[in-house]
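Take these sequences, add in the hints, and give me the full structure.
There are 2 protein chains.
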Amino acid sequence: MTLAAEMEDPRTSFARVTPELIAKLEAIVGAEHVKTSREDLEPLGKDETEDLHCWPEVGVFPRTTDEVARLLRLAHDANVPIVARAAGTGLSGGAIPVRGGIVLALKRMDSILEIDEQNLVAVVEPGVITERLQETVEAKGLFYPPDPASRGSCHLGGNVAENAGGPRCVKYGVTKDYVLGLEAVLPTGEVIRTGGKLRKDVTGYDMTRLLVGSEGTLAIVTKITLELIPYPKERRTLMAPFSSLRGAAQAVAKVFHAGIVPCACEILSRDALAAAEARLGNAFPPEVSGADACLLLEVDGNDSESVERDFLLLGEACLAAGADDVLVAQSPERARELWRVRRTVGEAVKRLSRYRELDISVPRASIPDALEAVDAVLGPLGLRHVSYGHAGDGNLHVNVLKESTSDDEWNRKLPVASRAVIEKIVALGGTISGEHGIGCVQKDLVPLQLGPVELRLMREIKRAFDPRGILNPGKLWPEA
Amino acid sequence: MTLAAEMEDPRTSFARVTPELIAKLEAIVGAEHVKTSREDLEPLGKDETEDLHCWPEVGVFPRTTDEVARLLRLAHDANVPIVARAAGTGLSGGAIPVRGGIVLALKRMDSILEIDEQNLVAVVEPGVITERLQETVEAKGLFYPPDPASRGSCHLGGNVAENAGGPRCVKYGVTKDYVLGLEAVLPTGEVIRTGGKLRKDVTGYDMTRLLVGSEGTLAIVTKITLELIPYPKERRTLMAPFSSLRGAAQAVAKVFHAGIVPCACEILSRDALAAAEARLGNAFPPEVSGADACLLLEVDGNDSESVERDFLLLGEACLAAGADDVLVAQSPERARELWRVRRTVGEAVKRLSRYRELDISVPRASIPDALEAVDAVLGPLGLRHVSYGHAGDGNLHVNVLKESTSDDEWNRKLPVASRAVIEKIVALGGTISGEHGIGCVQKDLVPLQLGPVELRLMREIKRAFDPRGILNPGKLWPEA
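If you're matching them up, the sequences are chains A and H in order. Heads up, the first sequence is in our numbering, so the first residue is 4 and it goes up one at a time. Heads up, the second sequence is in our numbering, so the first residue is 4 and it goes up one at a time.
Treat each hint with caution, since some may be false.
Because identical chains cannot be distinguished in the list, a pair is counted as satisfied if it fits within a single copy or across any two copies.
Unchecked claim - Simulated pairs of lysine-lysine, DSSO-like, Cα-Cα distance not exceeding 30 Å: (1) Lys427 to Lys257; (2) Lys226 to Lys257; (3) Lys236 to Lys257; (4) Lys174 to Lys257; (5) Lys446 to Lys49; (6) Lys143 to Lys257; (7) Lys465 to Lys427; (8) Lys226 to Lys427; (9) Lys236 to Lys38; (10) Lys226 to Lys446; (11) Lys174 to Lys236; (12) Lys174 to Lys226; (13) Lys465 to Lys226; (14) Lys353 to Lys427; (15) Lys446 to Lys465; (16) Lys143 to Lys174.
By construction, these hints were calculated from the structure, which means they are not laboratory data. As the structure is a prediction and not an experimental result, all values here were calculated from the model.
Pasting the structure below:
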């Protein structure tokens, strides 16, 4: 995708960033927080999605809500695109400035404003690293559960924009389930406040949850009120190898049907395990290394006996569902090793080949059919995939590998493959994205899932917030 | 509120229901499902809000989504108001046809379409009684937690429209947290589908959660996909008397701070206890009867030892927080008796006097200040209140009593009192309504909480769904 091609799109007519505009940006945030050099702009043009880079025209680093408001108003009046950026760890190109313009980088807005232990609530700025909040509240016996793979580097503002998930969400819910209130700025520079430190609030439409997951297309979030819960003190972890991927996938619904809600239920294919093994440079125990798939399962709670009881039931449920074995983590160190296998896969895939990650989500019991559908599409095209993910949520990361496919073939096959997979996933009652977002990478697939009426409503909501369409243009759906 | 006054509002210009329109309605659903007699229309003009009745012009009882779609299209083309109605148990006038027109009663759409035990999901029509779904899934070991006081008679469609709560929501979340997907009809007759049997879905804006709690102003919900969870087998209940209401209110945050998440944390003032005692016709134990306030607390789970352990911690936390005593329910029968006290209060208040119920919600730790604010407003006006509710959620039902106040005085004082209370609640970071909705009763208070920009956005969202404003007009906010 080239900026030139996008900028020349006849359906939009944004203005370019001028020296006069840059001077005004500098007047708002100070010249040292406005970047225009090629080397400063290069990292602002990408996220962690493969094969994606677009050049912004200028990068601005505000510190306060007031600065954000003035910057937005300026962009609005000048009709220049503006794209909010958190840590840039996204996997769907959500923060990529596909139409150029201004990148509004929020990393300087990184204060944990309040940990309210009376109300079990945290108030943070968007640039706070997720893990930093988690460690801060855990020191007080509290818990902020959402745990995207990038939690050591991603920002809470990005988590809110994309409605980030992670392994624990199967028990605890996704980012949206923890956002109680927001402060956000409209393109007009108007500041809105939604929700608050409130467990219950039915006054007006739910603007909080409309903004979460809206991928920076409606408003720029400048303050986030998050619910906290007591930290579960006890946890037990196991890995269950299966002699087929389909068998492992089929076991997932059976585990839940046994009445246990694990705090993680992850699936790893043979290829995912091998990739992790190669990346970590050590051989896994033969039960894992030789398996065709594994489930990684965890239970947690406050009471060690009750966690132990759930853990035994979980192990029994795995065996009853066809697991070849149950490898129990006998110590926290061993549990961390099992998790290292899981957490390595994402990075390990990158070492294998160029790839494209699909982030499909289906009803939990349809995971076996989803994997079959993926094979049915990719097999005839001669493309391999490494698949793994949050099986308990029905959310699978399907990494389609380029390997020795020529560039031409890849560019021809990939859109065909993506489209065919999503058609089958939608037919299973599934969705294009479970947690990565649509961004610019998947937007052309959206009409396979959402009908014209649903899309019209979303476009009109977009227009209510952002009449000129300057906020993160070129995302979420194809141009009308 | 008179229909005549509302109908003559110069800011709207709806058409009236004509004999020709009635013939068309009859052609869609059959003449036996179209009601026009005074006695048939009377019950369609009220809900369970005190002092509220408006006459619809016609009542229509469709059976299918297709009929709903055709009815809506007809109303849209004729520019006639249309108000969806579930069981009519609402407490904010949400289903009252304040501009006349058509009441669309959904009670015939009462099928439980599917209990999907593989995916732990139920699919229902809007006219299913909440308790009926709960009993159906409990027989399968599953749980649908939201439990509004009216659950024996209210409909799930109404629960969705108002985002209903209830005592258990403090642990399990409100209706919104269980709605995974919706089928709904726009005023144009277009049918939209949102979400699905999906735990995770970030494709496009969250239309599901935008519709939940929108009080029938955006679309008419015709099918609901609900998440189910395993039924918690064990529960323990206690009642803790306090020698002051403030003391009981202060104890709430302390209980949560002890790291326990109760599945109910209800507060009852002295007057609420006395009202329940009078209504039930039996004296409570002296510890309760003589207390100035009580907390009703419950813990649940799957494991009896762990529930017992939490229960002991809970009792200790109550005593440490200043409870005079802890009355433990030694049997399920005794627990039911304690709950009967709590569940009777709503009905009992109605016997005391005419009243107006406020449904304030504040940050949990601000409940003592909220009660103080209520006293500070009502005391000087010479108005008493009976207050009780979901203290763990910060959600209090403040029933302002008319008693011997003359009608003129009541009509003068009530708006002043409501306004002054809400101003103080908003200053505490609270909201006008925690679970009852805004409806027509509280709409004039909304600008005390939501600013003009937030209101403008909501109105524009409304316009995107319902360009002619025929869906449940006169609700949610004052006319612009």
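Outcome of the hint check:
1. Lys427 to Lys257: The answer is within: 23 Å in one copy meets 30 Å, while 51 Å across copies does not.
2. Lys226 to Lys257: between (41 Å within a copy, 27 Å between copies)
3. Lys236 to Lys257: both (26 Å within a copy, 19 Å between copies)
4. Lys174 to Lys257: This pair counts as both: shortest intra-copy Cα distance 16 Å, inter-copy 25 Å.
5. Lys446 to Lys49: within (17 Å within a copy, 46 Å between copies)
6. Lys143 to Lys257: between (36 Å within a copy, 15 Å between copies)
7. Lys465 to Lys427: within (29 Å within a copy, 34 Å between copies)
8. Lys226 to Lys427: Result: close only across copies, 23 Å inter versus 39 Å intra.
9. Lys236 to Lys38: neither (45 Å within a copy, 60 Å between copies)
10. Lys226 to Lys446: For Lys226 and Lys446, both the intra-copy (28 Å) and inter-copy (28 Å) Cα distances are at most 30 Å.
11. Lys174 to Lys236: Both ways: Lys174 and Lys236 sit 15 Å apart in one copy and 18 Å across, limit 30 Å.
12. Lys174 to Lys226: both (26 Å within a copy, 26 Å between copies)
13. Lys465 to Lys226: This pair counts as both: shortest intra-copy Cα distance 21 Å, inter-copy 26 Å.
14. Lys353 to Lys427: within (26 Å within a copy, 56 Å between copies)
15. Lys446 to Lys465: both (15 Å within a copy, 26 Å between copies)
16. Lys143 to Lys174: Both, since 21 Å and 21 Å are each at most 30 Å.
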